[in-house]
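Participant: Please construct the entire structure, taking both the sequences and the accompanying hints into account.
2 protein chains.
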Amino acid sequence: MSSAAIEQHKAKASAWFEYLRDRICETCEMIEREFTGPPRELSVGRFEQQSWTRAGDAVDGGGGVISIMRGRVFEKIGVNVSTVHGCFSPEFAREIEGAENDPRFWASGISLVAHPRNPHVPTVHLNTRFLVTTRAWFGGGTDLTPMLPAREDARDFHAALKHACDRHHPDYHARYSKWCDEYFFLPHRSEPRGAGGIFFDQLASGDWEADFAFTREVGLAFLDIYPQIVRRRMNEPWTEDERAQQRVRRGRYVEFNLLHDRGTRFGLKTGGNVEAILMSLPPEASWP
Amino acid sequence: MSSAAIEQHKAKASAWFEYLRDRICETCEMIEREFTGPPRELSVGRFEQQSWTRAGDAVDGGGGVISIMRGRVFEKIGVNVSTVHGCFSPEFAREIEGAENDPRFWASGISLVAHPRNPHVPTVHLNTRFLVTTRAWFGGGTDLTPMLPAREDARDFHAALKHACDRHHPDYHARYSKWCDEYFFLPHRSEPRGAGGIFFDQLASGDWEADFAFTREVGLAFLDIYPQIVRRRMNEPWTEDERAQQRVRRGRYVEFNLLHDRGTRFGLKTGGNVEAILMSLPPEASWP
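If you're matching them up, the sequences are chains A and B in order. Residue 1 is where the first sequence starts when you use the numbering used here, and the numbers rise one by one after that. Residue 1 is where the second sequence starts when you use the numbering used here, and the numbers rise one by one after that.
Calculated from the structure, these hints are not laboratory results. You may find that some hints are simply not true.
When chains are identical, the list treats them as one kind, so a pair holds in a single copy or across two.
As the list claims (entries may be wrong) - Straight-line Cα separation of at most 20 angstroms, EDC-like style, residue types lysine to aspartate or glutamate; simulated pairs:
| no. | residue 1 | residue 2 |
| --- | --- | --- |
| 1 | 12 | 34 |
| 2 | 269 | 182 |
| 3 | 269 | 191 |
| 4 | 178 | 156 |
Facilitator: Structural data, given as structure tokens:
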């Protein structure tokens, strides 16, 4: 592939991640304003943005923007869009497709974790990215983590993702939902992190436009279904006991992210921005 | 060394760890009863013990006892004494002294983490252990993590450990306090976990009795100085803002234990008891 074509792909991918971020932030701010349920005394949340740059030299560079809102529906929601380039460490390059002999990489992506205040509203994670080494591929996914036994939330989340997948390939949903269940699993506790979703990586079918379209579809499916779930739960009353259960589930979320998550590991190993990487950690967690 | 001598060393070491556990638990329960300061409404803590056994077969076995107290001074304190044996995984055996060609191991130790409720009382960690592969050695240490800027607490803690070290070897304190500072460090944040202490490993000087005596001395120094620090701080009043600062510091403690701590990694990799390993995590933490 010509280097001009690759540059165009990079530009299109990173522009999409920023566009998606803006739509998600708008929607979440709208939800903050719509909220009527308890607690009433908190003020409406607004996203605050913070830019960061990667320690730069001839090889390494880039940066990103963290958008964080601490609101009444969203106790803490962080969205990070970053576009970075550099060289993997020799040890890390061995683990990355296409970096075995040339450790240079370029990566752009959006990642989001929402920690709603109401324990009836599930926590959610979304991440999609475009990576370029001597090869180029998309990866990402989204998964739902109900804090209390979920009713229809998980079912509707899965249905929305299945619909999105089916528009692109008959095998995608079965394959990527299984991958998600395998990935978001805490081996030390033999328990899943949540209710699952989809997870994909190394997506390079040979048709870049199709892969990009699928990646966009995942973002749009998230943008459609998660706000629906939040809106139908956010005004439900909750008890102190349910809040305590939520803090314990959030503790498990911390365990997964720090012990097992490859994205966290990737970020910390490539000198990513610590605040951006650990933005996913919950505002409060407990190990009683 | 004769196998009878090794068996005697194992028996003496594990008996000591149990003895030390009992003295520590007694002292902490006494402190719970002495407490007069706020909050008054909580009830006096008592340790509860829970035995666990390692999934056993011809090779693997052993187990331990977790002692946990949830009290008014000690919001959560866990002490685990375990004596286990088995085979390291091939990958892990490469990292362990004396296990390169024979992956069998035997290990006994005590580990403790205290999370006091009052943010003026520092968090503390103690761990000493005796490990046997084709070689045998002691390791461990203790370190203090003040939640608020420490005044004389860190100074007195260091002085007690220096005194203990100096009774055994003129170089120990300099060497082991440096090792502690290097070990209890969060590279991703470029910050120490706390105020330090001592950390040692691979202690096999050739004089087993001397090494065992030093290991006991570390435990006794802890048993002398930490209760002094707790008693002088535990009745000091504190504010909600100081409590919030404590939760953030505790979040850093979680980050260290899950991202970096070798003891946690060792435990999870060798199929240790999850509750015992993660007992170190704080009752409440926050990433605001």
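Participant: Against each hint, give a clear statement of whether it holds in the structure.
Facilitator: Results for each hint:
no.: 1; hint: 12 with 34; verdict: neither (33 angstroms within a copy, 66 angstroms between copies)
no.: 2; hint: 269 with 182; verdict: between (23 angstroms within a copy, 19 angstroms between copies)
no.: 3; hint: 269 with 191; verdict: between (27 angstroms within a copy, 17 angstroms between copies)
no.: 4; hint: 178 with 156; verdict: within (17 angstroms within a copy, 55 angstroms between copies)
Violated hint for the displayed structure: number 1, the only one.
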